[in-house]
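There are 2 protein chains.
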Amino acid sequence: MNKILECVPNFSEGRNRENIAKIIAPFKDKAGIRLLDTQRDEDHNRLVVTVIGTPEALKTAMIEAMGEAIAVIDLRRHQGQHPRMGAVDVVPFIPVKDITMAEAVDISKAVAAEASRQYNLPVFLYEASASRPERRNLAAIRKGQFEGMAEKMKAPEWMPDYGPPEIHPSAGVTAVGARMPLVAFNVNLDTDRLDIADGIARRARHINGGLRYCKAMGVRLQDRGIVQVSINMTDYTQTALYQAFELIRIEARRYGVNVVGSEIVGLVPMAALVDTAAYYLGLEDFSAEQVLETRLEI
Amino acid sequence: MNKILECVPNFSEGRNRENIAKIIAPFKDKAGIRLLDTQRDEDHNRLVVTVIGTPEALKTAMIEAMGEAIAVIDLRRHQGQHPRMGAVDVVPFIPVKDITMAEAVDISKAVAAEASRQYNLPVFLYEASASRPERRNLAAIRKGQFEGMAEKMKAPEWMPDYGPPEIHPSAGVTAVGARMPLVAFNVNLDTDRLDIADGIARRARHINGGLRYCKAMGVRLQDRGIVQVSINMTDYTQTALYQAFELIRIEARRYGVNVVGSEIVGLVPMAALVDTAAYYLGLEDFSAEQVLETRLEI
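Line by line, the protein sequences are chains A and B. My numbering puts the first residue of the first sequence at 2, with every later residue one more than the last. My numbering puts the first residue of the second sequence at 2, with every later residue one more than the last.
Treat the hints with care, since some could be wrong.
The list cannot tell twin chains apart, which means a pair is met if one copy fits it or any two copies do.
Said to hold, decoys possible - Below, simulated EDC-like cross-link-like pairs (lysine to aspartate or glutamate); rule was C-alpha separation at most 20 angstroms, straight line:
#, residue 1, residue 2
1, K98, E294
2, K29, E148
3, K98, E290
4, K29, D44
5, K110, D199
6, K4, E294
7, K216, D75
8, K216, E247
9, K155, E264
10, K29, E290
Note that these hints are calculated values from the structure, not bench results.
Required output: the full structure, derived from the provided sequences and hints.
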């Protein structure tokens, strides 16, 4: 048994390469840790790191990286398109292999407790780790962003789960939690009209009557002169990728618009793609046991 | 680096469970070896084993299993629907991970040499290991089957590559070679007319002008009252699964027939399914590095 957990921390630094190098250093060349991906975005001024590891190794490295980020990022001077409330904005832990969601929740709480203590940082638990239902959704916690957080936290219902009851002056607040693997799946349209992408997103997403585990919004791809429906598949085991894709294709017809392609940002569990292939080929009685994996070990 | 080779030996025994247990015993509970699948078929009177391992461990286990099969199978008393020429009919080695086709060829030759010596068995090299072009195709070697092989081998062009120039009295001859992973992919049709499945197979397969790495024939599924196009994808990296599937769907239209499903028999490399999912979703810039595998290790 080899328990593997994934962590996808989002840091509010997408521009200064020196700072970024310091933040990701704790994930490099460590036993029990594999840094899979880093994506920095200058417009968003945000860094998204994808790392997997054994629970203990990942916990230690994550707390260290939070310290680095808090040391180099000052949110009072931070501007970017992506909403944010902390130098370390959000730290999701995702069960990957031989580990339950309950164990992932425990680790997220251990990281929240230790980081809040070491860095005097207010931490909110979210998603599966949330202490109350209204904190499950990250957007609810982050509403008001860094600039509004000091005021927001004066209300008793916004006391943090760990750390002091006021924002860290330069690092704001952080959300930590455990959640299902999330697949970032974007579908591109052959139009430049954002209202069409938004209209399709509204029909596809759960909140407006669409697919249960699908969040979506319209996004403009400036350089290509087109728009896309940007989707977060929040539980691919319940709502399949191909369902979202086909539903968007169907909704696009209303507007006489075509789907021209799609993209997966970051990682996707193999099962989500196998499920997709099995659907389109109409595979009968197919089992994941039949798949010879690329990174197979004896 | 962890070189992994696959072997899918076919033995001419699909009925006697005691004999089958003896044949597969050398693949069980061995370091460096993982027995993935065994399929025995009573009608074919044939056993297909799928095993992966490190080259050395697999070579040793394979030679041992050949000895067991030669000891318990007597082809003079063997009947079955599947064409066969030996107790150990065919032994293909398939590069799986961190290993080249040239290395797989070397291992196939080492197994052929050692088994022919130990068991006084004539061995023909085939596919990528073949010593001459007309021996690449297994069907050409096997033509005449066990019953015709003694006569066939009198011709100088059918001297075996290893071992004596005449058949083993009870075990016949064996073909050993290295080849690309082969995907057994069958597409089911909503008709019971075998001539339609055959007609579609002819249009899809390489030999009649179809896809380069596609062998196909019509097969009747007695119990379901339908027919299928049974396909061997001989190099899925060059001819994709979805190409074969869509071509069959297109050809089926000629007959007013529909595809009702498909099946993959045995193993399929992950890349073949990822490629399929990427095609149907129109994924742009997708890399296999983005896939979180199920049997992942740190």
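Evaluated hints:
1. K98 - E294: Answer is both: 15 angstroms inside a copy and 9 angstroms across each meet the 20 angstroms cutoff.
2. K29 - E148: neither (33 angstroms within a copy, 63 angstroms between copies)
3. K98 - E290: both (15 angstroms within a copy, 17 angstroms between copies)
4. K29 - D44: Cα proximity of K29 and D44: none, with 26 angstroms in one copy and 56 angstroms across.
5. K110 - D199: neither (36 angstroms within a copy, 61 angstroms between copies)
6. K4 - E294: both (18 angstroms within a copy, 14 angstroms between copies)
7. K216 - D75: neither (30 angstroms within a copy, 63 angstroms between copies)
8. K216 - E247: within (15 angstroms within a copy, 32 angstroms between copies)
9. K155 - E264: Intra 41 angstroms, inter 60 angstroms, cutoff 20 angstroms: neither.
10. K29 - E290: Answer is between; shortest inter-copy Cα gap is 18 angstroms, intra-copy 32 angstroms.
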